[in-house]
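Student: Since chain S is already given, all that's left is putting chain B on it; use the hints.
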Amino acid sequence: MDSNSLFYSLELVAGSGNTLNVEQRTALQTSLVILKKNYKFHRVLFWGKILGLKEDYFIAQGRGEDEMKDKKTLYSFNCMDWMLLAPATDSVIEEVSKTAKGRFVGDPSYVYEHVEIHRPGGRDDAIQEEEVVTKVNEESRLAVTVHRIDEEASVVPRGAYLKSPHGLVQINRSFGGLSHSEAGKLDNFLHFTKAKNLKKKSILEMGDLNPAIDFLDVLSDDIPKGSWSLQLECASRVLVLRSLLWPGLTFFHLPTTPQHGHIYIGDGRKNLDLPFML
Amino acid sequence: MESTDGNDAKSGQRLKSAAALKSFMLKSSTESKLNLYDHLSRVLMKVMDEHPDNAVDVIEDVSREVKRGLFEDKQSTLRDLPQTTATELLAEQQRLLFSRPEEADQEEELMDTPLPNVSEVAFYLEQAGVGLGREEMQRVFLALKQLVESQGLLRCRLWGKILGTESSYIVAEAEYREGEEEEENTEDAAEDEERDVEKEMNPLPQSAYRPPPTVPKEALGTGANKFAFYVCKEPGLPWVKLPSVSPAQISGARQIRKFFTGTLDTPIVSYPPFPGNEANYLRAQIARISAGTQVSPQGFYQAGEEEGDEEDEAPRDSFEVNPDFEGIPVAEMAESLSTWVHHVQHILQQGRCTWVNLAVKPGDDSNEEGEGEEKEEEPDEPEPEVGPPLLTPLSQDAEMLNIPPWTSKMSSVLTSQHALAVLRSNLWPGAYSYASGKKFENIYVGWGLKYSGEGFSQAVPPLPQKEYPSGPEITEALDPSVEEEQVLKEALEEQQAAQEEKEDTDDPEEEDDD
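Taken in order, these protein sequences are the chains called S and B.
Under full-length UniProt numbering, think of the first position of the first sequence as 1, with each following residue one higher.
Under full-length UniProt numbering, think of the first position of the second sequence as 1, with each following residue one higher.
The following block holds chain S by itself, in its conformation from the complex (with noise of 0.2 Å):
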């Protein structure tokens, strides 16, 4: 969420249960604008929370010019003192899901090992066995989490980004927020990362939609279906949408005012149980 709104955005997520008390919330409206500054972002996100065994990872995230490519993560202990993550590449990505299990331990130079046994040469007697040890440090698999939960789950709802037709993504500043009836309807979010079924609509579908509005996938589309819970908190005026895929991840939006944001709160594993569970 967006570091200008964030003391009163707490609260209304706060619903899901985790909050940020007083001082880290103090601590990260300072640092926060510091940053903005150091690193000369458009804007500076809070990004969430993910918790270790041990410690906890505060993560922020800034924003360039483009809001979907200019996007650099970085992580804290205490909400002073931030460092950079690398940007999560394919191979990281590939490494990290497969040694990397259980819960985050709070160490980032913690290492994680995966031993996997090649055979090759079929099943004669003489086998040479090679072990290959893939290993994958604690920050690495933060950097991959935060970008992964970024393309599952982060949320925006309909018409609060333009895309302009350079290609630039960037923020409605006319968005009014929905309306009471559209918000309680999961097809007017959509998914803030680079469209996958945008070209599996039919034509007719497409005739319906403003290509500077609707160029992001739309969250009813996800499989499982059912896999984003819809509810009214707070005395029913703030929408909130929860991931069940990510538990820990909670967006909300204030219908009719263009306040809107998301936030994770949780301890970084995907929930692949979820088939089960519905």
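Since the hints were derived computationally from the structure, they do not count as laboratory data.
All values reported here derive from a predicted model rather than from experimental measurement.
Built from N, CA and C at the ideal position, the CB exists for glycine as well.
Mixed in with the good hints, there may be bad ones.
[Said to hold, decoys possible] On the chain S side, residues computed to face chain B include the following (Cβ under 8 Å):
| id | residue |
| --- | --- |
| 1 | 14 |
| 2 | 16 |
| 3 | 21 |
| 4 | 103 |
| 5 | 229 |
| 6 | 236 |
| 7 | 244 |
Tutor: Relative to the frame of chain S, chain B by itself:
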């Protein structure tokens, strides 16, 4: 004079052409019934009124605006019915939370209230980084007050919130009032009567299968049923009491992994089939979470003084507040787990807190099997299940799945003199406890599911049962072929002949030469 005449003539001509132009402009258009003269005068009046910047550049827009403004909307005689949104309905209901009863005496307020100091608890929880947000907590506590007043409970506290896919549950824990009875007894009695009637009319063949005996429920006020739980969806909506939990439901809940939907009567479709609906599943999970994560500083509670013989193996299930407790410094509490103890009984494998020996057969059965049978055939008595006794420190909690069961820290590093010790459970994500001096509290906010490691694999249905043990008497064998039969026949004849010979030789008769 001529010039003036000339001028007059010219101006007369000009006037004529002006009049002609004006009449042309006043001609109303065939399409829109407007005329140019009126339109231009309106546009210029608008420009006079508004004085726009760069008027010449925006004059076309102004003209279009004027034309649009003339279009009269055909107003329908229908008006929108003001629809009450969900927000407004809820606001009406929550308004009742804020009403004070007029009969509240001043004296009542000074007595011990059944609720803890709500604002203090909310403040400490916020320090710990848990909670529902300040306003929501306030609403929840007002709803708790309403619950206490409506049900007349002795003691009540906020247990926590369980998130669901469509709506969430706010759970309150209360002590049972004395003299409460189970409501389900009448249902069981009715079923028994029906079964008896059926037996008399149609004596069906009885199957020899006896299902394993069900473990009996624990009585209200003991073990897993020590407290009563009430849930509501939103503060202000009516509270519903959850039924008491049975051991079968606890073992069922241990085997399945399901999200809650938010409506209490949803059926739970799972394998192995869960005995009950969502209300029972919720109650079972609440019991498991309480047993696993409700902790207090060591020394706050002490064992009840009225103890029976110490030879009794029954775990003690009563404790009282220790009046001499002086609070443990916060730094110590955050560092070592042995300063915290569980104050809720552990649930055994059986599903209860106190073990029940099911192998003891009731008197009727042994008579049916015949009086001749000796008691040697009774199976060995199963070993009693024992759990850790009440008030065990957390340092003895077993490590599961390679993670420590608890994570503890101080709530603030910068102002550690006034910080709290915060304990977070890793087995039940969402369970938090805080302690500061003599004050402590437990709360659970989460999905109601246990940490299950990497993957949850559902129980596999058992293999289909074999109908009959296969042995040589019933296995099909191939019929012998003709040659084999002939060979067998010849062999038999030879045998017979040999036998006759033998008999003949025994008799003192003529020997036959063969």
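Student: Would you mind marking each hint as holding or not holding in the structure?
Tutor: So, going through the hints one by one against the coordinates:
This hint holds: residue 14 (chain S) has a C-beta 3 Å from the nearest C-beta of chain B, less than the 8 Å allowed. Below 8 Å, beta-carbon pairs count as interface contacts, and residue 16 (chain S) has one with chain B at about 7 Å; its hint therefore holds. At a threshold of 8 Å, the smallest CB-CB gap from residue 21 (chain S) to chain B is about 5 Å, leaving the interface hint in force. Proximity of residue 103 (chain S) to chain B holds as hinted, the smallest CB-CB distance being about 6 Å (cut-off 8 Å).
Restraint check, residue 229 (chain S) versus chain B: the minimum CB separation of about 4 Å is within 8 Å; hint holds. Contact between residue 236 (chain S) and chain B, as hinted, is supported at the beta carbon level, the nearest pair being about 4 Å apart and thus within 8 Å. Proximity of residue 244 (chain S) to chain B holds as hinted, the smallest CB-CB distance being about 7 Å (cut-off 8 Å).
The structure agrees with every numbered hint stated previously.
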